[in-house]
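**Q** Just so you know, the protein sequences line up as chains A and B, in that order.
According to my numbering, the first sequence is numbered sequentially starting from 3.
According to my numbering, the second sequence is numbered sequentially starting from 40.
Wrong hints could be hidden among the right ones.
[Said to hold, decoys possible] SDA-like mimics (lysine to any residue), calculated; alpha carbons at most 25 Å apart, straight line:
id	chain 1	residue 1	chain 2	residue 2
1	B	K248	B	L102
2	B	K216	B	P91
3	A	K216	B	P91
4	A	K216	B	P190
5	B	K164	A	T233
6	B	K105	A	T130
7	B	K109	A	K136
8	B	K168	A	E219
9	B	K168	A	S99
[Unchecked claim] For each label pair, taking beta carbons as the anchor points, the in silico distance ranges come out as:
id	chain 1	residue 1	chain 2	residue 2	range
10	A	A372	B	G66	56 to 62 Å
11	B	D203	A	L240	38 to 44 Å
12	A	A231	B	E299	46 to 52 Å
13	B	R146	A	A372	33 to 39 Å
14	A	A380	B	E299	20 to 26 Å
15	B	K216	A	L240	37 to 43 Å
16	A	L269	B	P126	43 to 49 Å
17	B	G64	A	T233	30 to 36 Å
18	A	T255	B	G66	54 to 60 Å
19	B	K216	A	T233	46 to 52 Å
20	B	N75	A	L261	31 to 37 Å
21	A	A380	B	R146	51 to 57 Å
22	B	R146	A	T255	31 to 37 Å
Since the hints were made in silico from the structure, they are not lab data.
Glycine included, C-beta positions come from ideal geometry on N, C-alpha and C.
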Amino acid sequence: MMLIMPLVLTAILGSALKGVMGGEPVKMNLGVYTADTHELTAGFIQNVLKSSELKEAIELKTAASENELKNWLKDEKIGAGLFIPDEWGKQLQDGESAEATVYAANGKDIEAAFAKQLADAYAKSAQTIAISTKLAVSNLAAEAMAQQQPFDAEATARQFVQDMKGTATEADFVKDVPVGKKSVSSMQYYAAAMAAMFLLFNAMVAGKSFHIEKATETLSRMMAAPLSARTVLAGKFLGTLFFAICQFAIFMTATHYFLGVNWGDNLLQTLAIAFAFSFAVSGLGMVVASLTRDEKMADVAGNMGVQVFAILGGSMLPLTVFPAILKKISLVTPNSWALTSFTNIMGGADWNSLFIPITVLIGMGILAGAAGTWGLRAKY
Amino acid sequence: MLSIHDLKKSYHRKQVVGGISLEVGRGEAFGLLGPNGAGKSTTISMICGLLPYDEGDIQIAGLSVKDKPKAVKQKVGIVPQDIALYPTMSALDNLIFWGRMYGLKGRKVKERAFEVLQIVGLEDKAKDKIETFSGGMKRRINIGAALMHEPELLIMDEPTVGIDPQSRNHILETVKKLNKVGMTVIYTSHYMEEVEFLCERIAIMDHGKVIASGSKTELCSRLSGGTVLRMTAEPVTEAFVAELETLAGVEQATIQSETELSLLLNEAESPLAEVIQTAVRSGVNIMELQREEANLESLFLKLTGRTLRD
């Protein structure tokens, strides 16, 4: 259960919220209708909308009529519909203003805007060629006339357009250029989020184990042995730490092989954060044990604590959607530090950027462990 | 081996151990007898270093429990009243774990674990989990865990509570054997017959104090006669009891329950006939009469007016 639950949640959340994190390409469903048979219009559809560059981003459907296009929108079979009017291509060729109409389905404004931008960019490019061709042909005609030489304006214009058409349609309308660090996919984010959340449960388990040991008298037996209280508590702390690290390693391996999650290029960084976070969780376990009266109370308090920390720490909703004040509050949770660090590593982080999170997590573990130890020694 | 001097302990201003002094020699089997709530477990906990004491001193093998707790704990094996074992681990693993807590390592701890399993008669159950054991078997492993580090002093706090007679006998035989080979044993119980079987010297505790101590013979000689007559009758009233106590041969009469009465008789007289006549005169219907010879139970009854099982 300790492995299956977080794996299942990662798979569900990662799939359901695909695209939210921006790390994976967003495929839009675009419908197009035109009665215009001009070659510029055909060029737009074949060489731009159906180009290899946009193949991954656009699922294109060609409607038989404007009504069919509108029906598809109503039925949400497409996110945006592009209606190219008659004479659009001729207008472009003549250098006149020509606009295609874009219809958007509910909530698909971004897709509609994208389709509009594609059409407008192509139109501008075509208009530029048309205007440039007219100017060039006029100049050449005037020059030929001045030199009393024959000049075939139509052939020249055709050649000009032919030469520029390739350039216009080969223009990169959409360029996939990564800016800054690699984006993290939803699956990656939620793998890290679930790891952070489920490791927190170890704090509850550690707290409960103290009470179980007390109830079963094994704690008394341990205290009757020639061991100091510090040794016993350190043993508990290290046991929790070891278990948490093992849990993380298994989870990381399982998400990598079953869900294809890439935990980053530097495994050592990931393990360093996992260790530091496990350290913090072990300290929290001591706090849970010292603040609760019995196993049941540790169970309830621990569960509540994990849920609150999980929400505050970004394990449910991405930290990026939090308002500023909540982002600040999330810094008190060790899981938010761990989650942010894991995602930074996935995006390509250097060791310098991990120094503060590791220090904070170890510090949390030391403080919580000390507080818990003090409480337990006073109690027992 | 063990020296307790004027030991006192209070909880929230209530004195639970009020000035106990005891000496237990090396190799001795010493019994601590008393009803529930007498302070036996509290005394044991203080001897083991689990509870701090308010006043007095405890020394084990010449070492003060307060000043050298670790050294003292290494010499003591404690068999707690509750089963202090990990139920999901096997008997062998439990013994090895507790052996390691006392500093045993490597091959030695495993060898010792098998030795202990033989001592407690559970060598064929080494790999079985504790949670599958019967109550008696659990108690035997509970004892075994205390034996792993070969302690000089074995303290057993009511080790036979709630188990079947067969396991109980096995435990008593085991403890007897351990004592015979030189282990000092302190055995607490509210079962008089166990303490009588195992122990050479006994202290009787009640309300946090030792009310009598010595060998069994010494203790029983404190009873003049000391025969106990147990009566089951109806109705048992205060008036009937008061009348019985006026009889020449009756030293003390104590109501045990609505239908039970204990009479401590003076051996010089035999007041059985007078007891029956008194009952008839008082309209009391005697259903059962049982005569018991002098024992610790009757001494406790004489000293406290209660039975050990109260």
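**Q** Would you list, in rising numerical order, the hints stated earlier that this structure does not obey?
**A** Violated hints (numbers, rising): 2, 5, 6, 7, 9, 10, 14, 16, 19, 20 and 21; every other hint is consistent with the structure.
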